[in-house]
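*Asks:* Listed here are the chains, written in short residue letters.
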Amino acid sequence: MKHTISVLVENEFGVLSRVAGLFSGRGFNIESLSVAPTLDPSISRMTIVTSGDDQILEQITKQLNKLIDTIKVIDFTGHDFVEREMALVKVCAEEESRAEVLRIVDIFRAKVVDVTPKSYTVEVTGAPGKINAIVELLRPLGIKEIVRSGPVVIGRGPKGWKSS
Amino acid sequence: MKLTGSKILLECLLREEVDTVFGYPGGTVINIYDDLMDYPINHILTRHEQAAVHAADGYARATGKVGVAIATSGPGATNTVTGIATAYMDSIPLVVITGQVPTALIGNDAFQEADMVGITRPITKHNFLVRNINELTTIVKKAFHIARSGRPGPVLIDFPKDVQLDSTVFSYPDKVELAGYKPTVGGNARQIEKAARMILEARKPLIYVGGGAVLSDAAQGLRELAELAQLPVTTTLMAKSIFPSRHPLCLGMLGMHGTYYSNMAVTNCDLLIAAGARFDDRVTGKIATFAPNAKIIHIDIDPTSIKKNVRVDLPIVGHLNDVLQKLADKMKEQGDKVDALVERTHGWRSEIAEWKKAHPMKYTPSTSVIKPQFVIEKIRELTRDDAIITTEVGQHQMWTAQFFDFIQPRTFLTSGGLGTMGYGLPAALGAQVAFRDRQVIDISGDGSFQMNSQELATLVQYRLPVKIVILNNNFLGMVRQWQEMFFDRRYSQTCMELPIDFVKLAEAYGATGLRAEKPDEVEAMIKKGLETPGPVIMEFRISREENVLPMVPPASGLNEMVLAS
Numbered sequence: 001m002k003h004t005i006s007v008l009v010e011n012e013f014g015v016l017s018r019v020a021g022l023f024s025g026r027g028f029n030i031e032s033l034s035v036a037p038t039l040d041p042s043i044s045r046m047t048i049v050t051s052g053d054d055q056i057l058e059q060i061t062k063q064l065n066k067l068i069d070t071i072k073v074i075d076f077t078g079h080d081f082v083e084r085e086m087a088l089v090k091v092c093a094e095e096e097s098r099a100e101v102l103r104i105v106d107i108f109r110a111k112v113v114d115v116t117p118k119s120y121t122v123e124v125t126g127a128p129g130k131i132n133a134i135v136e137l138l139r140p141l142g143i144k145e146i147v148r149s150g151p152v153v154i155g156r157g158p159k160g161w162k163s164s
Numbered sequence: 001m002k003l004t005g006s007k008i009l010l011e012c013l014l015r016e017e018v019d020t021v022f023g024y025p026g027g028t029v030i031n032i033y034d035d036l037m038d039y040p041i042n043h044i045l046t047r048h049e050q051a052a053v054h055a056a057d058g059y060a061r062a063t064g065k066v067g068v069a070i071a072t073s074g075p076g077a078t079n080t081v082t083g084i085a086t087a088y089m090d091s092i093p094l095v096v097i098t099g100q101v102p103t104a105l106i107g108n109d110a111f112q113e114a115d116m117v118g119i120t121r122p123i124t125k126h127n128f129l130v131r132n133i134n135e136l137t138t139i140v141k142k143a144f145h146i147a148r149s150g151r152p153g154p155v156l157i158d159f160p161k162d163v164q165l166d167s168t169v170f171s172y173p174d175k176v177e178l179a180g181y182k183p184t185v186g187g188n189a190r191q192i193e194k195a196a197r198m199i200l201e202a203r204k205p206l207i208y209v210g211g212g213a214v215l216s217d218a219a220q221g222l223r224e225l226a227e228l229a230q231l232p233v234t235t236t237l238m239a240k241s242i243f244p245s246r247h248p249l250c251l252g253m254l255g256m257h258g259t260y261y262s263n264m265a266v267t268n269c270d271l272l273i274a275a276g277a278r279f280d281d282r283v284t285g286k287i288a289t290f291a292p293n294a295k296i297i298h299i300d301i302d303p304t305s306i307k308k309n310v311r312v313d314l315p316i317v318g319h320l321n322d323v324l325q326k327l328a329d330k331m332k333e334q335g336d337k338v339d340a341l342v343e344r345t346h347g348w349r350s351e352i353a354e355w356k357k358a359h360p361m362k363y364t365p366s367t368s369v370i371k372p373q374f375v376i377e378k379i380r381e382l383t384r385d386d387a388i389i390t391t392e393v394g395q396h397q398m399w400t401a402q403f404f405d406f407i408q409p410r411t412f413l414t415s416g417g418l419g420t421m422g423y424g425l426p427a428a429l430g431a432q433v434a435f436r437d438r439q440v441i442d443i444s445g446d447g448s449f450q451m452n453s454q455e456l457a458t459l460v461q462y463r464l465p466v467k468i469v470i471l472n473n474n475f476l477g478m479v480r481q482w483q484e485m486f487f488d489r490r491y492s493q494t495c496m497e498l499p500i501d502f503v504k505l506a507e508a509y510g511a512t513g514l515r516a517e518k519p520d521e522v523e524a525m526i527k528k529g530l531e532t533p534g535p536v537i538m539e540f541r542i543s544r545e546e547n548v549l550p551m552v553p554p555a556s557g558l559n560e561m562v563l564a565s
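So the protein lines, in turn, are chains B and V.
Taking the UniProt record's numbering, the leading residue of the first sequence gets 1, the next gets one more, and so forth.
Taking the UniProt record's numbering, the leading residue of the second sequence gets 1, the next gets one more, and so forth.
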């Protein structure tokens with residue numbers, strides 16, 4: 001089962017490799033990982049998408065908690081949260097397909113951020129499912145390159161992590 | 001007044017009450033070594049950095065204090081890796097300080113540069129690179145705090161040369177703030193109450209105690225609980241010294257080379273109280289048949305140990321001695337029920353006594369060839385109860401665990417988790433530095449001894465009277481045993497044919513060497529060895545193909561033991 005976990009860590013040298021090393025060293029899988037500082041620049045927030053049964057997930061959260069630099073681990077499974085991912089898709093757009101690309105971009109409320117006579121580069125944000133959907137529609141037109149950020153997640157409701 | 005980084009480090013060590021460090025100098029720590037001459041800190045120069053870390057580890061295990069080791073950058077630092085990993089696997093509090101090339105050169109493949117923070121990340125509890133002088137005191141304070149608190153472990157401080165030379169005003173912080181590191185020590189009161197209820201309702205209860213009990217000095221709490229409720233106690237290799245071997249409730253070791261009665265007790269118990277133990281595969285054998293009828297209470301300071309390998313019915317996170325004391329107190333409140341428990345479990349203890357009678361620890365004695373178990377028994381008879389025994393890794397280690405009696409905590413130092421050959425001699429060195437007047441004995445095999453035999457020089461130099469017992473079978477005995485049992489006696493590369501003259505080796509270093517080749521020489525030689533001042537090698541030419549039995553073959557259940565004939 002897929003799990004999305006937020007890890008708040010001290011914004012210190014080497015923390016990312018500690019977290020990544022924990023996963024690789026124990027044979028846990030990382031599907032995606034994104035990291036950036038929070039409002040408090042001394043704290044970074046990682047969003048990790050991983051998978052495993054309950055026992056593996058319990059170990060992952062315990063092991064993450066065990067790292068000295070870890071401040072809090074939040075497993076969003078079973079909780080209400082907002083999830084967003086961004087993708088940049090460079091898609092072939094020549095004479096016959098340019099209008100079709102723009103139609104798709106419009107339907108998905110995506111944005112064209114770079115144009116050449118042969119291509120559009122499209123920026124799209126949304127839940128991973130939405131990104132999968134636009135990618136599937138653009139694929140037959142010829143995707144040259146795609147970059148996905150991996151999801152970032154925040155809990156719904158008025159509370160921030162400190163008070164949760 | 002401003003101090004240099006190297007002086008600040010030594011000031012910090014004094015504040016942490018470090019009186020002894022083990023190490024080996026080199027270019028990137030030369031300033032620390034220079035300043036060391038002006039500080040009241042005892043330095044023990046080992047002959048290898050690996051040994052310096054094992055010695056600090058032995059010092060830590062014997063005293064309960066944080067062990068400290070120093071090594072230079074590059075090869076000096078990488079030589080510490082086995083020592084650090086050994087301490088990590090057995091949760092030993094260490095602070096290892098490695099020199100590093102100047103910060104401006106880090107990442108440039110400079111001479112004697114190694115990324116120690118990267119290399120030791122998976123084998124330290126935490127590690128630090130000191131990037132500027134202003135963070136040095138906080139890092140050292142944090143390092144000692146992390147090493148000794150919660151589940152202890154090794155912490156590495158990588159210390160670049162330019163930061164050692166830089167200077168600032170020294171001020172040591174009173175306390176450390178680590179936002180995410182606050183180990184749970186108390187134990188949840190409701191969980192403890194529930195555990196007391198479970199014990200009071202049990203019919204076949206058993207305590208399974210691990211190395212965490214030694215680390216948290218839980219001997220008293222453990223004994224109180226065991227005696228109060230008359231609970232039989234089985235220990236892991238790492239916990240051998242925590243519960244007196246000769247106590248009527250002591251069942252000895254469980255697991256692969258455990259006693260028959262311990263393993264039968266585990267297989268048949270209805271309540272297993274795991275205390276500071278982590279259900280290592282050498283203990284459990286085949287998981288599916290481990291304690292199949294038992295509810296499991298698991299007490300550990302480290303939440304990650306709980307439910308890692310086996311299902312647990314009641315977890316309690318906390319400091320073991322604390323939790324055991326509280327558990328005993330909780331049960332005392334219900335005196336009648338405790339009496340009823342003791343009465344009800346009488347049959348269970350009798351059942352165990354029957355197993356003990358049917359299959360005691362034994363071996364086949366010989367008058368023509370020295371049996372290793374016989375040597376261990378004789379050492380047991382001739383040493384003091386507070387003697388500190390270290391071992392290397394292999395058959396001799398298991399024979400020691402099986403046939404030696406440990407009475408006092410912190411008297412058995414052995415590499416359990418990592419199984420490090422070459423651990424015992426430097427660990428004995430560290431223990432002897434801590435306790436100059438106690439008997440310290442390294443029990444070794446001929447293979448393991450040769451992994452760090454250069455430390456004989458250190459023993460002689462510092463007049464450390466460690467006695468080294470070599471059970472010499474000219475084999476890498478444990479691997480040979482496996483080859484005999486599971487590989488059709490194909491002894492691939494386990495025969496150490498070259499006959500080393502260990503007596504001459506001892507003499508070459510200025511130590512004493514003794515050798516026994518016949519059983520009737522054993523006792524007199526041990527007496528002589530123990531009485532001879534200074535370091536002594538006692539070599540025993542033992543029967544070559546003696547096996548460690550009983551044994552649970554790999555991937556078998558604890559009740560499927562191969563017994564001694």
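Accuracy of the hints is not assured; some may be wrong.
Stretch by stretch, here's where chain V covers chain B in the computed footprint (C-beta under 8 Å, at least three residues) [stated by the list, open to error]:
1) 9-18
2) 27-37
Restraint ranges, calculated between C-beta atoms of paired labels, are given here [unchecked claim]:
3) Met86/B to Thr138/V: 55 to 63 Å
4) Leu16/B to Asp109/V: 52 to 60 Å
5) Leu39/B to Asp270/V: 52 to 60 Å
6) Thr138/V to Glu83/B: 50 to 58 Å
7) Asn309/V to Glu145/B: 51 to 59 Å
8) Gln493/V to Gly142/B: 19 to 27 Å
9) Thr103/V to Glu145/B: 35 to 43 Å
10) Gln334/V to Gly129/B: 54 to 62 Å
11) Leu39/B to Asp109/V: 54 to 62 Å
12) Leu16/B to Val562/V: 54 to 62 Å
13) Gln461/V to Asp40/B: 46 to 54 Å
14) Thr138/V to Asp40/B: 14 to 22 Å
Calculated lysine to any residue pairs in the SDA-like style (CA-CA distance at most 25 Å, straight line) [as the list claims (entries may be wrong)]:
15) Lys527/V to Ile407/V
16) Lys159/B to Leu563/V
17) Lys72/B to Lys330/V
18) Lys182/V to Ile74/B
19) Lys62/B to Thr304/V
20) Lys62/B to Asp322/V
21) Lys144/B to Trp161/B
22) Lys194/V to Ala179/V
23) Lys62/B to Ile407/V
24) Lys66/B to Glu343/V
25) Lys330/V to Gly186/V
None of these hints come from the bench; they were simulated from the model.
Just so it is clear, CB atoms sit at the ideal spot from N, CA and C, and this is done for glycine as well.
*Asks:* Now tell me if each hint is right for this structure.
*Replies:* Checked hints:
1. 9-18: Satisfied; 6 residues make the cut.
2. 27-37: violated (count 0)
3. Met86/B to Thr138/V: 55 to 63 Å: With a Cβ separation near 38 Å, Met86/B and Thr138/V fall outside 55 to 63 Å, so the hint is violated.
4. Leu16/B to Asp109/V: 52 to 60 Å: Taking Cβ atoms as reference, Leu16/B and Asp109/V lie about 23 Å apart, which means the hint is violated.
5. Leu39/B to Asp270/V: 52 to 60 Å: holds (53 Å)
6. Thr138/V to Glu83/B: 50 to 58 Å: The hinted range 50 to 58 Å is violated for Thr138/V and Glu83/B, with Cβ atoms some 38 Å apart.
7. Asn309/V to Glu145/B: 51 to 59 Å: Violated - the Cβ-Cβ distance for Asn309/V and Glu145/B, about 45 Å, lies outside 51 to 59 Å.
8. Gln493/V to Gly142/B: 19 to 27 Å: violated (59 Å)
9. Thr103/V to Glu145/B: 35 to 43 Å: Holds - the Cβ-Cβ distance for Thr103/V and Glu145/B, about 38 Å, lies within 35 to 43 Å.
10. Gln334/V to Gly129/B: 54 to 62 Å: holds (57 Å)
11. Leu39/B to Asp109/V: 54 to 62 Å: violated (39 Å)
12. Leu16/B to Val562/V: 54 to 62 Å: violated (48 Å)
13. Gln461/V to Asp40/B: 46 to 54 Å: With a Cβ separation near 53 Å, Gln461/V and Asp40/B satisfy 46 to 54 Å, so the hint holds.
14. Thr138/V to Asp40/B: 14 to 22 Å: At roughly 19 Å between Cβ atoms, Asp40/B and Thr138/V fall inside 14 to 22 Å, so the hint holds.
15. Lys527/V to Ile407/V: holds (21 Å)
16. Lys159/B to Leu563/V: violated (62 Å)
17. Lys72/B to Lys330/V: violated (33 Å)
18. Lys182/V to Ile74/B: Distance of about 17 Å is within 25 Å: holds.
19. Lys62/B to Thr304/V: holds (5 Å)
20. Lys62/B to Asp322/V: Holds, because 22 Å separates the two Cα atoms, which is no more than 25 Å.
21. Lys144/B to Trp161/B: violated (39 Å)
22. Lys194/V to Ala179/V: violated (31 Å)
23. Lys62/B to Ile407/V: violated (36 Å)
24. Lys66/B to Glu343/V: With a Cα-Cα distance of about 42 Å, the restraint between Lys66/B and Glu343/V is violated, given a limit of 25 Å.
25. Lys330/V to Gly186/V: holds (14 Å)
In summary, the numbered hints that this structure violates are 2, 3, 4, 6, 7, 8, 11, 12, 16, 17, 21, 22, 23 and 24.
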